[in-house]
Structure formats: C-alpha cells, structure tokens
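Below, each chain spelled out in residue letters.
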Amino acid sequence: MGGMSFAADPHAGIAAVTQAGSTEQLLLTLLLVLPIVGFTLTVVLGRRLSRPWIIAVPTIIVVWAIATYLSVQALIGDAFHGGAIQTTIYEWIPAGAFSVSFDLFFDNLTAVMLLVVTTIGMLVHVYSIGYMAHDPGKWRFFAYLNLFMFSMLLLVLAANFLLVFAAWELVGLSSYLLIGFWYHKRSAALANKKAFLVNRVGDIGFALGIMAIWTTIGTLDFVQVFDLLPAQLAGGHIEQWMMVGICLLLFCGAMGKSAQFPLHVWLPDAMEGPTPVSALIHAATMVNAGVYLVARSSPLFATAPEALILVAAVGIFTAIFAASIAFTQKDIKRVLAYSTLSQLGYMFAALGVGAWTAAIFHLATHGIFKGLLFLGSGSVIHGVHEEQDMDKMGALRRKMPITHWTMLIGSLAIAGIPPLAGFFSKDEVLGEAFKLGFQWVWLIGVVVALMTAFYMFRLMGKTFYGESHVDPHVEPHVHESPPTMTVPLIILAVLSVVAGAYLGLPLGDSTIHHWLAPVFHPALETMGVHAEPYQLFGIDGALILVSVAVATIGMVAAWRMFGFFRIHDRLDTVRALTARVPTLYQGSFHKWYFDELNDLLFVRIGGRVADAFAWFDVHIIDGAVNGVATLTRRAGDEVRQSQTGRVQNYALGIAGGLILIAVILLLVGTR
Amino acid sequence: MELPQTVPFLDWRWDDLIFLVLAGTMLGSALLVVVGRDIIRSGLFMVLAFGALAGLYALMGATLVAAAQVLVYLGAISVLILFAIMLTQSKAGPVRLVFHSQAWAAAIAAIVIGGLLIASVLLTSWPLAAAEPIVQTARDVAALMFGDYVLAFEVISVLLLAAVVGGIFLARRDDIPDPSDPATRIEDGSASRVTGTPGVLGGPARPAEKP
Amino acid sequence: MSQSLDAYLLLACGLFAIGTFGFLARRNAIAMLMSVEIMLNAVNLAIVAFGMFIPALAGAGQVIALFVMAVAAAEATVGLAIVIAIYRNRRTPLVDEYASMRE
Amino acid sequence: MIDVSGLPILSLIIFAPLVGAIALAFVPGDNVRLVKQVALATTLVTLVLSLLAAVGFGAAAEYVLPGSEGSSGFRYVETVPWIPFFGILYRVGMDGISLLLVVLTTTLTTISVVYSFGPIKTRVKEYMISFLVLELGMIGVFLALDLFLFYIFWEIVLVPMYLIIGIWGGANRIYATIKFVLYTLVGSLLMLVAILATAFTFQAANGGDWTGAFDLLTLRAAGGFDPTLQLFCFIAFFLAFAIKVPMWPFHTWLPDAHVEAPTAGSVILAGVLLKLGGYGFIRFALPLYPQAAHDLAGIIVVLSLIAIIYGAIVAIVQPDLKKLIAYSSVSHMGFVTLGIFVFQEQALQGAVLQMINHGIITGALFLCVGVIYERTHDRTLARMGGLSKPTPVFAGVFGFFVFASLGLPGLAGFVGEFLVFVGTFAVSPVAAAIAAFVMVFAGVYLLWMFQRIAFGPVSDFLKGLGHHLTDMDRTEVLTLAPLFALTIIFGLYPAAILDLIQQPVTDLLVALGSAPATGLVP
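Residue numbers (the numbering used here), protein chains in the order written: chain F, 4 to 674; chain Z, 21 to 231; chain D, 100 to 202; chain A, 239 to 760.
Certain hints may be false.
Taking lysine to aspartate or glutamate pairs in the EDC-like style, the calculated list, with each CA pair at most 20 Å apart, reads [as the list claims (entries may be wrong)]: (1) F:LYS402 - F:GLU389; (2) F:LYS188 - A:ASP698; (3) F:LYS395 - F:GLU478; (4) F:LYS402 - F:GLU390; (5) A:LYS627 - F:ASP138; (6) F:LYS333 - F:GLU599.
Because the hints were derived from the structure by calculation, they are not lab data.
Using the sequences plus the hints, can you model the full thing?
Encoded structure:
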C-alpha cells in the first residue's frame, strides 16, 4: 500500500489511463447491464411473481460482488497502479465534431463511490424485502430500485460529462418514481414533482456548463478535458473567467442534486417516499452525486478559486442552515433529511476549501451511518405502524433493542464521537479547512458539529428513551423488525464503527489519502497545496479536541433534556426554553419559511405570470388574428352595400364606365 | 302623274322629306316608348318606331332588311311583348313607379352617351363612304348569306331553336299548380286577377312603395 | 343631303341614346326589354347604313343585320320568358324589386 | 434483399396511397370492414415501400445534375418533363432528411389508420380516402425537387386535413378548420408568388429560357440571386413555413386545430404536418436564398426563443390536455427553427433530429390522449386523477412518453434538444441560456399534467365511469408499441439518424457559407 507513487505527471491530468482489459470491460459492462435487465424483467414479469424481489435483489447482490471485486482490485490490490481504465461500449452521439461515446471509466474515486453505492444499495435491497413485504405494488418498488442502481452506477462509471448528465437525469427519474411510489397520496405526487423540478433548475446550469466545456475545450471526455485544459489555459485559449463560469454552472447542477441552499427544498419533501428509498437515494447515494461531480471535476475547479470559495460558502451555510431546522422538526425522517442536508454542506465546504479527499471520506462514512440511521428510522416507523411523528414515540428501546443499539451507534457516529466513522471524516473536513486558511469555515463547522450532536440525541431521546407517547392502540403491537431488516442494520452499524478507523488511520497518512491521491493530485498541484506534516500534539490534536468537546457538549445537553437510558426527559424545560425564543423556534419549525416563499414566488406569482401569458395568447395574438378576420368580414359587409343586387344600378355603372372609356379614347385619339 | 323633282315650297328632295318624316316618327315614338307611363301604349309606340325604321331601311335601298324588320319586329317581337304586357298586367302608374330613382342619372348618361356617339360620328370623316347608297338586290344578299356566311346562318338557326326551347321551358307553368301558391293562382283565372288600384302592380303581398 | 352615311349614323346614335335611357330608367322589366330592342335596332340601323354606304363591305351589312335580328328575336323570347317566370314568383315586373342577387 | 434500384421507387411511394384512395372510392361505403382492410393494406404497402427505399438507400447512386460538378446529394431521382413550356418538371429525389421524414410519415399514417378503426364511426370510407390523400401529399412534399411540384403537394395536404378536422372533429370544428386553412393558405399563396418570382428571374437571366426555372437543383446550382429578390422571396417562404411550423406569433391556429381534430388527425398534424415547415426551410428557403437567410437569422432566432419559452409557459396553465400538448409542440418546434437558424452543424443536426423525435413522441402523446378521450369523452385535466390505479399500463406508457417529451436522456427527445443547445451555445451562449430555461418549464407543464392524470386519488369523475374505465386494449397497445420502440432506439442509438443526415447538413452549411465547426473553437 505504502508504495503508491505520488509523482504522477502533472500534465497528464489524471494519472495514466489505460484501455480496460477484456475481463474488466466485461465486469464494468455487467455492472450496468445486470440492473437494467433486472429492471426490465421485473417490470415485465413482476406483477405475476409471488415474490417480486426474486429478480431484483439477487441481481444487485451480484452487482455488489462485482463492484467490490473491482474496487478491492483497484484500491488494495493496486491493479491499475493508481491510474484509470477506460472502455468504449459504443459511440452514442456522433454529430460531427460533437462526438460522445458511451464510455466507462474507472479510477480510485470511482472505486470508492462504487463501494459506497453498491454496498448500501445491496443492503437496502435486502432490507426492502422485509419493509415492503405487505405492499401490493412492491414489484414496482423493486423495479424502480434496480433502475436507480443502474442510473447511479452509470453516474459513477461514466467517462464523460454528457454521460454523467444522462445518468444524472436518470437518477432523477428513479428518484421521481420512488418518491411518488405511493402515488395515490397527493403529498407524494406533489413531492416527486417538486424534487424533479428543483433538480431541473440545477440541471440548467449543469447542461450549460457541459455546453461551455465543449465549446471552449472541444471535448467532453474527462481524460481529454483534463489533459487539454492546462495547455489551453497556459496558451491563453481559455480565459480564467470562463473557467469560473464553467465551474459555477457545474456547481449549479451539483447544488440541485445535492440539495444545497437554496435548492434544498426538495429533499425534506422527498421523505414522502418509502423509507428504504430515503436511505438509499436521499441520504447515501444520489444526493452525493453533486459532491462526486465537483470532486470529479477537481482539475477544473482547481483553476477557478473564486468558484471554490462560493462552493465552500454555500456548503457551510447549508450546513448550519439545515442543522438549525433539524432542531425542531417532529417528523423523524425530516430530522434525518435536514441532517443529510447539513452533512452534505460539510462535504461541499470541504470541496470548497480544497480538501477533496476529506469530502469523499465524509461522503463515504456519511453514506454508511446516514443509511443506517434512515433504515433504523424505517424500522421504528414500521414498528409503530407507519407513524413518523416523534411526539407519538418514546421508550421504544426495550421493544426494539436491535434497532435501538444500531441507531445509537449511528447517532454517535454522526455526532463525531471517536472512534466511530463520523469522527474521522468530520475531523478531517474541519481540520483541513482550518489548516488551509478557511478559519471561518472551521468555526461554523464546529458550531454545526455541536448542533448535530444535539439534534441527533434529541431524536434518540424522543424515540427510544423517556416516556412512551405511542398510540395506546398500537402500543401492544410494537415489535422488533424481521431479520431481513435488522441484519442490514447490524452490518451498517459494524461498518459505522470500523470504516472510519480503517479509512482514516493512521492520522495524517490515512488509507483513503493513499487511495485518492492519484485522483486529486493534479488539482492540488494546480492549487499549490502541499501536505504539511501532521501534528497530533500540535494544531491537529487541538482541533480534534475541540471537535470532540463540542460534540460531547451537544450530546450531553440533549441527554439532559430528552433522556438517555436512566436519565429522564424534561420536556417542560424544553417547552420553557422554546417559549423564551418564539421567533427562532417558529422560524426553525417552519423551515425559515422557504416553502412559503417558493409557493409565493413560483406557484402564486409564477402562476399569475403564466395566466397572463395565456391571456396574452388568447386575447392579443389570437385576438389579432380573429380581429383581422372580423375586420375583413366587416369590410366585406360594407363593400357589399354597394352591390344592391339591382340590375339597373349595375347597368348604370356600365354606362358610366363606357362614358369614361369613350372620353379617354376621344381625348387621346384627338390629341 | 309625275311628282315634281323637289318638294313644293320647300325645295327639298323627296327622299329628304321622307327621311325626315320617318326619322322624326321613329325618334318621337321611341321617346314615347321610354317615357310613356302606360306600358301598353309604350308597346304600341314601339311598333310605330320599328315600322318607321323599316321605312328607313327601304329608303336606303336595303329592301330585304326592311322586309325582315317588318316580319320580325312588327310581326313577331312586338306581338310577343304585347302578350307579355298583358300577362304581367302592367298598367300605367305614377312617375316614381314607372321610373327608377336613378332616372336623372340615367338621362344624363344617355345624353352623354348620345353626345359622345354623335361627336365621334361627326369627327370621323368616313373616307371610304360613298355618296349614295349602293343598290343591292335580294339575290346578292342571299348569295352572301348562303355562301360566305352559311356557317353563321346555321349557328343562328341552332340558337333560335335553343331560344324557343328555353323560352318554353322558362315560361312553362308547373305541372301541378299549387292552389295555395298565389303566384300560380294569379294566372289561373280571372277571379283572382288583380285589377285593383293603379300602382299596385305586384299585388297586396308586396308594398309597391319601395324607395 | 339626307342620303348620306352621317345622317343615318346620327339617327342611329339618337335612337341608341333613347334606348339607353329607357334601359337605365324604367322600372318595368318589359319596358327594359323594349328599350333593349330599341338599342338593338339602333345598332342594326348603323350596320345597315355602313353596309349600304361603304362599297368595301360588299353588302355584308344586310347579312349581319339579318343575323342580329335573329339573335334579337331569340333574346326577346328568352328575356320575356324569364320576365314571366320571375313575375310568377315575385308577382311584380318591377326590376328593382329583384334584389336577390345581393344575398 | 430486394433490389429497388431499377424501380421508380419514389413514385411508387408517392402514388401508392392514391391508388388505394381510388380503389376505396369503388368500395361500397357501408362495407366498413372492407374499407378498413383496403386502407390498412394501402398504408402498409406504402410503409413497406418506404422501408425498401430506406434499405436500398445506402447502395443507391447519387444523382448528378447534368452540366454540374459533383453529386446533388439526392438518390433515386426521377425526372419527367411535366409542363415543358415553363420548364416545370416532375422531379422527385431523396436524401437522408427526406428519407427519415418519409418513413416517419408512412409509419405514423399506418398507425393513425389502425388507431382510427375504433373511434371513427361515421363516413369511414371518406375518412380513409382523406387519410390516404393526406399521405400522398405529405410524402410528395418531402420528395419533390421541383418548386412547382412542391407547391402542388403542399396544397394537396391542406384539403384532406381540412376535411378531417371539419367533418370528424369536435364541437367547434368549423371555426378551427377554417382558421387552419386560411392561415396556411395565406402563407402558401405568398410562397407561390415567391416561386414564380424566382422562376421568372431565372428565366429572364437565362435569356428567356425556361429550362430549369422551377428545378431546385438547377436553381441551387445557379444561386446568387439579387439580394432584394432574395429578401422578398425568403420572407414569403418564411411566412409559409413559419405558419406551418408554427412559429410564434403565427401559432394560434395550432391549439384550435388540435383540440378539434380527431385523435388520428392530431397525430398526423403534430407528427408530420408541422415538420413540413421545418423541412421547407432546410430544403428550399435556405439553399435558394442564403443571403436573405443570413440577414434575417437574428430575428428568426429571437422568434424561436420566444416560441420555446412562451409555448412552455402558456402550456402550464392550459386546462385542456390537447391544448397543453399543442402548446408544448410550439415550444418543441421552436428548437427546430432555433437549430436551423443558428447555422451551426450540431444545431442543424439537432433540429432534424428534433423533427423526427417530436413526430414520434408527440404523436404518441396524442394517441395517449385519444386513449383517455375514448373512455371519458373528456380532456379536461381538472377532472382527471389517479389513473395509475385503474389503468396501470396506460399510466406507464403515458409516463414513458411524458418523460421522453421532457427530454430524458436515453430517450429520443434528449439528443436532438441537446444538440440544438450545444450548437446554439457555440454561436450564442445567451440564446442557449435562455432556451435552457425550457428544461424547467417543460418539466412544470408535463409533470403537472402527468400528476393530474396519473397520480393522486381517483377522481370522482373517473369513478363515475365505473367499468368503462378499462386499460388499453390490444389495438391501442399495438399502435403505441412501434413508437415506444423507436423512442428507445433513437434515444440510445441516435447514430441511426445522425449518419443519414450528416451529408445533407454538411452540404447545406457549405451552401450557406458556414463551414462546419471543428469543435475546437478557442
């Protein structure tokens, strides 16, 4: 492992790219073919199958096996020497100079993403067997899940920007279908539309960014773009402001998919979907696509520091903004959704300060523990008979021990308590931010860490500890979930414990740094960032202490208020506290009125504008057309008056005409 | 007995006199045709005018045309028109019923047209015209008509046939007269004939005072 | 003096003008038809006069005049038949009541 | 493989529907079964003939205009003197673009005829004859290479469409059909004037020789008309084509016509008729009057942008399903004109692609609307809801085409739209940015429509229909299946189209004096 070469050619963009061998090509292709075949078969046959998951789940298990094999080969076996492999399936759009191939691309970043996506994807598939057992439309659910897996795998495997965009839209489609899975619920139908449309707003930027890349650099292929860029920048073919523009446009797309402020509004609503969907798509994988895109485009972003500052600002603002909302939400899934927003904010902050590896590290660990938390919340919801309001839970820990313990591990992980996964990655993000000169990012990040610990243990307290507020009719039937659900929870809990340590140790020279160094080396070169020696008993240690301290403070504060094991809750204290700051409480509870603002801007005012356009169309444009027609008819009526229908009037006219002609002839003739 | 070479007292040639008499008769009766209120009298004056015209033809020496004029116009068309007048029961009426509201414009137009025609006749010198009419016998005309113009002659005969058929078809009454239909009743018998008020030419259904 | 082309032509002009007036001014359809006959006769007179006074025409004037008469007869037949047919429908010979062409 | 090189294949394609229509005239009208069989057989024969032409297309020799150098780019050219005095020819020929449009026409006509078996109950014979004549006209337009012949076919199209809307249409059909005819007639008469002006000018310049005065190939080769003449002729052609496309602000006939037309009429209207305009620009207006096209391109691009955004915004608030799709057509066809008039290789390819794909997708959407209408006799969105439950197959198919129309990558709509975007961006980033907003607006109206129809609880109105609310029957599945397949195929493998249109597009750009972009523009 330690023998990884850091001396990649700075002009090569990404470390050496080789054509995939036939085995790798087959495996990469299979990664895409299997889920899409699974999707098609499930759509066609699903309704007739007694166990509709019988195609989808084994397919994804095979996919997971292949992905793990490939990733382990690349990361641990160092099969591609830190470089990338690329393979062409066929030429997709051959439009003259605009030629886009259906190319697959695999480097260490892809490998990490693949591990996260397929592992959580596989576990969610298994979990769904139990969770969706009683749903009559579950064949659709598994079909959509397979479609999602296809799209997400395409997203991380795509070798050019347009293919990423295609996958980007396809994950949007899967997300749309899965959020609206219970389509008969009006709220679900509204939520999936909202999710798709808000994403599309970001996609405008992404699409324009792709066009800009093609027009300026002349290709969309990652490798070629990153190869050509330095020379073109140096040669003055591309102005620096163009790079800023391109990066900002790409970031727009990332903001949409990763739900960064102000395009964050769709994600909480997306919780209308079944909980496994929330875990898979809206916590662990799809929402990370934006982070992945920026990380993948790191050589571009590295040339545009102005864009990076915006990325960091948006990220850290979203982090604190979402955390402030998570404080007061009552719906267990919404708390987790805002928590997701907040954690994604961390990742963007990391990207923005140039801590690329830290961002991906946090992406991976967050995927694990947030997936765990969502699946755990799904288990809770399942146990209390589809109730999501935390005010109607409490004291569930004895009835659902496995769920309780696994979720406790997840909460500790997200709070950043060592040695769980969240500690390593969050510390990396904050530490890098501080050391790279973004102290303000670090400061806000620390506050967010405090808030995170607090709201997570608020959630734990309200759900598992304190007194039971469960509906008395439901209370006797509360039960632990079946093994198909608890086993994935246990696996994820174990991963939450060990993954951080595995990836993040030794501090300052961690495994994940080794893995991703070849990927981010060019960007770091461009930015002129060089790793400083790690000081466990210096600045780094101090930062760790601060992080752990604030996390503990938040955690303990929540225990005091909402209960923890034998500590009783003090909900009256909480009420008294909130009553003292009504504005803040109401603002947070109403998500700072963003839905209302959007409703006003886009539904009411936008609707009026559209109405005005329609009015204009009917009354002005069509009115003009019909007006011309009416005018013609009126004129005809008027002219018709001269046509009396009486022969002699006409005859007189003839006579007049005769006279006229004769006079003219006489005049002309006699001249 | 021999007539004097010129008209006594006036020192005119006889044919001048005859010309003037005939021309005067013709123009005068034609004028009466178009201005007379009584349509029947108009018809009769028309006969007179056509007769005078026949005389003029004869005076020119176009005897065949003169004969045809007598036969066709005096004999056929005039009678036809008189019949039509009787069938339509047209009687004399006040000026506004006889004349169209545009009568003044019509008069001016007619005078201007006449003036223009006369002016053009007078302004033309007719260099090819002979001083005296050329005598043409009926034989000459016949030779022309059945020689050079025979095709036209045949066409005219077909035309006449078509006109006869068309006339019959148009004027034919419906096979089964509808007693409720006033239009058919009118011709049916004398009982329904409107003899009534002068000026009500069409019958009671249609007010005659149309502006 | 009177036996000249001009004289007959002037006569024809006068007759034609009278016919024109009648056609334009009379309300009665039959009177209009009579006016048309007068105009035709005026033309006929002119034709015959040309035929008689212009040697180059070699007598064709009379032939044409005869043809015109035949056509006039046909015209009178059809015209009167139409007038009677209309009269039967509309019960008036007044032409300005026939305004159905307008619609 | 059948060798078509010896056959007058294009004439066969053009006149096969006419033969069928004449044959139908002798079939007793009350024998509906036979009428349907004859009509279907005719459209199938035409479809097969067009497919034969497609199969043999690559091998067919390109026509070389006598006296000129190089290929004309057309294949299967047939030339017969028609009105020799004026040099008017019966000349037909096919290039990649017309091949695609002809196959699109024959496919959609066959589908429409099959689809009409159920809904059309009155005057079936006359209906089928109208459809066959319509097919003749449309194919003729796509194949004619003589301006006069083109004009004749162009006007032929009008008559059967007038009848189809006017006889088999909805309640307000007379208004709609008269509007449709008058609108299109205004444009086409101006076009006739322009055709004559061009021919006369050519004839005068050639010393009074009419030879080739109406022939596109000759005129194109001669080129270089006087700028003023170009301007006026181009404006006349532009009006004719812009009304047909329809471009903003000449679009208001389209919603009315769509709303009143029977389903199959809407399919043809949206699927093929609108393409006549775009085709006219590419085939006639641009090559004949390049100078004027350059001069006016700016205005037309602006109109296209307005159409794209405006059509989408107006579509958002339409209460009627067909009107909504009609306005979406205005928006989508805006991409066609935008792509044509930025004079850029990718954009032009995208425009052609968009024509084909819009024909397929919007045709399918109208068929879907027909499916609803047959069961509910209503198209008001407010009364729909929750169709996913009683009719899941329909909801799935409808959703598929909604997303195709939305431009989902992997389906046909995306590639054309994106190529137009890319090409436009290369010329004018601002224009592309404005047009890009349609990505959101299209989402708003399409998803709103889909949500209204398929999601939510089943509406009371639909509940009231009870057992009449059945899922799609076999005919409906059969008619939508080919469009479904084509949408996927062209989405995943647009090269099938792009390879065919590469040559014509390059030729056109050369004619316009805009060399194809290298892609490496600094």
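Results of checking the hints against the structure:
1. Distance restraint check for LYS402 of chain F and GLU389 of chain F: the Cα-Cα separation of roughly 16 Å lies within the 20 Å cut-off, and the hinted pair is therefore satisfied.
2. At most 20 Å may separate the alpha-carbon atoms for a hinted pair to count; LYS188 of chain F and ASP698 of chain A meet this at roughly 15 Å.
3. Between the alpha carbons of LYS395 of chain F and GLU478 of chain F the distance comes to roughly 10 Å, so the proposed pair stays at or under 20 Å and holds.
4. Restraint check for LYS402 of chain F and GLU390 of chain F: satisfied, since their Cα atoms lie roughly 16 Å apart, inside the 20 Å limit.
5. Distance check on the hinted pair: LYS627 of chain A and ASP138 of chain F sit about 14 Å apart at the alpha-carbon level, within 20 Å; holds.
6. Distance hint between LYS333 of chain F and GLU599 of chain F is fulfilled; the C-alpha atoms sit about 19 Å from each other, no more than 20 Å.
When the structure is compared with the earlier hints, no violation turns up for any of them.
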